[in-house]
Amino acid sequence: MSESSGRAETDGQDDPRPTPRQTLQLGIRIGAVLVPVLYLFYRIAWLPFLLGHYANDRRWEPLGPASAVVYTIVLAAGLSTLTAIALLHWRRRRFVFRRSTARMIGATIITALTPVAVFGGFPFILLPMLLFMSPIVFESPLRFLIALAIALGLIFPAWYVVSSVLVAGTRRKPVRFLAFCMMWWAVYAFHRLAFNLPSFVL
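Quick note, the sequence shown lines up with residues 1 to 202 if you use the numbering used here.
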């Protein structure tokens, strides 16, 4: 056996990165705990709060039980995937959060596509809102600049953390793309569970 092949074999054996199977197994275990916890919290604590808050709004309707279960599973899937990758890579956290082109691109794209609100099931995406709806929504240039500062100062750093974890924890680009999509749907599900806003009316 040549020296190069022996070094490659040794490197493969010493690879500190968790395998996709380990990530999947831990994610499933975390999700199995999160789904009932999140659903019970929604039904016992949050739904009664929403019913009281929107008591005088005839346009608002609570989510049906089946919809609430589906959105809870979606939200739990996103959180459990992110948590599993973060836990498995905790010893490599310096590597996880180092700057890289892939991390910056992922954070930038998902920041631009973030659903900042969901009205009647329709997501209001950050970038189109800033570009095309700023005169209607923000009413003044100052409010637009404040919204832009919030997007860059709060939303982007949060997504950079998520992007760093996903890039470090997924080796194949198709899997990475699916993981980013899952995070988007998890945010959408959070909006539906947390607010379930009625249709937007100007």
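Careful, some of the hints might be misleading.
To be verified - Between beta-carbon pairs, the in silico distance windows are: (1) L142 with I44: 17 to 25 Å; (2) E61 with A102: 36 to 44 Å; (3) M104 with F41: 16 to 24 Å; (4) D57 with L152: 30 to 38 Å; (5) L113 with Q22: 24 to 32 Å; (6) P65 with P198: 16 to 24 Å.
It should be emphasised that the hints constitute simulated quantities derived from the structure, not laboratory data. Using N, Cα and C, we set each Cβ at its ideal position, and we do this for glycine too.
Against the structure, the hints:
1. Checked against the hint of 17 to 25 Å, the C-beta distance between L142 and I44 comes to roughly 41 Å, which is inconsistent with it.
2. A hinted range of 36 to 44 Å holds for the C-beta pair E61 and A102, which are about 42 Å apart.
3. Under the hint 16 to 24 Å, the C-beta atoms of M104 and F41, about 35 Å apart, miss the expected range.
4. At roughly 33 Å, the beta carbons of D57 and L152 sit within the given window of 30 to 38 Å.
5. A hinted range of 24 to 32 Å holds for the C-beta pair L113 and Q22, which are about 29 Å apart.
6. Roughly 19 Å separates the CB atoms of P65 and P198, a value that falls within the hinted 16 to 24 Å.
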